[in-house]
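My numbering applies: residue 264 is where the sequence shown begins, and numbers increase by one.
Check the hints yourself; a few may be wrong.
Computed beta-carbon distance windows for the label pairs [to be verified]: (1) Ala913 / Leu309: 32 to 40 Å; (2) Glu912 / Ala773: 31 to 39 Å; (3) Arg751 / Arg663: 44 to 52 Å; (4) Ala913 / Pro625: 57 to 65 Å; (5) Ala535 / Trp340: 26 to 34 Å; (6) Ala773 / Thr408: 43 to 51 Å; (7) Asp422 / Phe670: 36 to 44 Å; (8) Gln795 / Val727: 49 to 57 Å.
Read the hints as simulated data drawn from the structure, not as lab findings.
Glycine included, every Cβ here is placed at the ideal spot set by N, Cα and C.
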Amino acid sequence: MPSALDQRPTPAAAEPRPASPPRRRTRILALPEARWALAALVLFLLALPPYLLDAPAWLWGPLFAATYATGGWEPGWEGLKALKDKTLDVDLLMVVAALGAAAIGQVLDGALLIVIFATSGALEAVATARTADSVRGLLDLAPATATRVGPDDAEETVDAARLAIGDVILVRPGERVGADGRVLDGASEIDQATITGEPLPVTKRTGDEVFAGTVNGTGALRVRVDRDPSDSVIARIVQMVEEASATKAPTQLFIEKIEQRYSIGMVLATLAVFAVPLAFGDTLQAALLRAMTFMIVASPCAVVLSTMPPLLSAIANAGRHGVLAKSAVVMERLAQVDTVALDKTGTLTEGTPYVTDIRPLPDGGLDEHTLLGLAAAAEHASEHPLARAVVAAARERGLRLTAAEDFTSVPGRGVTATIDGREVRVGSPALLADLAGQGAGAEREVRALEDAGRTAVVVLRDGVPVGLLGIADRLRTDAAATIAALTRLTGRAPVLLTGDNERAAERLAAEVGITDVRARLLPQDKVAAVRQWEAEGRRVLVVGDGVNDAPALAAAHCGIAMGRAGSDLALETADAVVVRDELTAIPAVVRLSRTARRLVVQNLAIAAVFIAALVTWDLAGTLPLPLGVAGHEGSTVIVGLNGLRLLREAAWPRGTDS
264 MPSALDQRPT
274 PAAAEPRPAS
284 PPRRRTRILA
294 LPEARWALAA
304 LVLFLLALPP
314 YLLDAPAWLW
324 GPLFAATYAT
334 GGWEPGWEGL
344 KALKDKTLDV
354 DLLMVVAALG
364 AAAIGQVLDG
374 ALLIVIFATS
384 GALEAVATAR
394 TADSVRGLLD
404 LAPATATRVG
414 PDDAEETVDA
424 ARLAIGDVIL
434 VRPGERVGAD
444 GRVLDGASEI
454 DQATITGEPL
464 PVTKRTGDEV
474 FAGTVNGTGA
484 LRVRVDRDPS
494 DSVIARIVQM
504 VEEASATKAP
514 TQLFIEKIEQ
524 RYSIGMVLAT
534 LAVFAVPLAF
544 GDTLQAALLR
554 AMTFMIVASP
564 CAVVLSTMPP
574 LLSAIANAGR
584 HGVLAKSAVV
594 MERLAQVDTV
604 ALDKTGTLTE
614 GTPYVTDIRP
624 LPDGGLDEHT
634 LLGLAAAAEH
644 ASEHPLARAV
654 VAAARERGLR
664 LTAAEDFTSV
674 PGRGVTATID
684 GREVRVGSPA
694 LLADLAGQGA
704 GAEREVRALE
714 DAGRTAVVVL
724 RDGVPVGLLG
734 IADRLRTDAA
744 ATIAALTRLT
754 GRAPVLLTGD
764 NERAAERLAA
774 EVGITDVRAR
784 LLPQDKVAAV
794 RQWEAEGRRV
804 LVVGDGVNDA
814 PALAAAHCGI
824 AMGRAGSDLA
834 LETADAVVVR
844 DELTAIPAVV
854 RLSRTARRLV
864 VQNLAIAAVF
874 IAALVTWDLA
884 GTLPLPLGVA
894 GHEGSTVIVG
904 LNGLRLLREA
914 AWPRGTDS
């Protein structure tokens, strides 16, 4: 069991390693979509004051024209290319509608529409680029070089990518493992949180499997390479993230799903409104005016604004409360979630071990404070996570630590030190095996701690067990309330997906009310579970924080990363980030997204009523162009204000009554 407390080398004593290259991060303005959108926004903001102040047209006209050109040329060009492929998309329709609005004097409305579309495209491009950056950066976790050992024990430094199956590599203390393989010789503890999510280092001995990119502890290991570097677990994580991102359903808002039919129908109807009266003897000017009026009142401006303001307002409100949703599509997806899967370490828990139990043994003659102080004094020189937890617990209680001498550590067993002239050993329950049956009472306490899901740490003084410490990962205080709120929202209890062991996972699940527990999962196992649910028609929300969660975050209908301790890959792959690590924000943002979706439906109904009424008037009678514009703009204002209601503080769900 991973409970040995050993010493990590200080940086000065560690073997020097080549520095990892800095992660290349795409600059926002390096993306053409971002540059054009920024230019359009700046020009629009420059033109707005003189336009609103009734300044001469020569002052604001060129600025609005430049806004149309910078923000509209790219979606217009893409729309023309789609038209060449016999496809009519809403981007081209929006550009035409914006130009139509400008043609009849509604320059401001058309420019605003152009800016909204350009900004939306830029945000999507930035999100895509950042995800690609993180996937590339993940490869930096695996070391660039490894120490290969030849048949005559000669050592050579080689490119890790050149390692072949059957090669033997030497992994020194503090180094990253260079390839997936099995231990041939040595013992140490490996921090493999990046792969499995386990919160504590795992003891590795001869025959145990190790993974590329994981960090070695204090022992030296000889490892036989079992997988080609291109097929390592870390490489497969990269591949899974890329595949999941590529195969995920195209990002479409609700209105975009009907854009083809609406766009084609509107164009055909406009042509008919122009051609039919002209064929029956109407004048060219009258037919053109009627067709132009029809195009304005039937244009999807109000429909588009029915969708965007509620979703953007929800994004802004969520951002104020520590949840960053990366796009309007994300907010819409969150509203559709009906299954939630959560990681354990760093998500439901804080990801940091702490002392939960202090149990002096009856024959030890120590009280709790003395036992904890003795263990902390022995552990003070160690940098192992469990040792840090013991020392931190002693400091929290204000205990003064006695100086220790002759400190030594043995991977997988523990540490030994001399304190006040007496030998003190602190480590795993394996220490009791050397006592020839004298530690029966201690063994009962070990079983009790392990049954409670704790990691047991044994303390011996002069070879006699004097007490035990129980150590566990700290559950977040709002975990149980969050699980209950998500259960009410989705109609089914969340699922726990973790790389940790079954006993620790089941104990934590029982505390928070989760019944479906899937433990000892590698990243591909989490992806398989998500895809199985998606194949059953479920809309899955995955919540995680680590590299090992990234493939599942990418494969899910929607992914949320915990921001404070989240890995770069998880933060960039996820669709939303909980910046303050408040679990209760997750059910709150899901409920907010559902409110936004209801407002979208309301707005679409309002827009449809206005469009239907104005179109009927224009076709059945003679709708004056100014009145048509007023009705069209009126519907746009109404749906816009209705959507902006979500900016109010009261719109954010309070507590866990989500």
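Going back to the hint list, which numbers does this structure go against?
none
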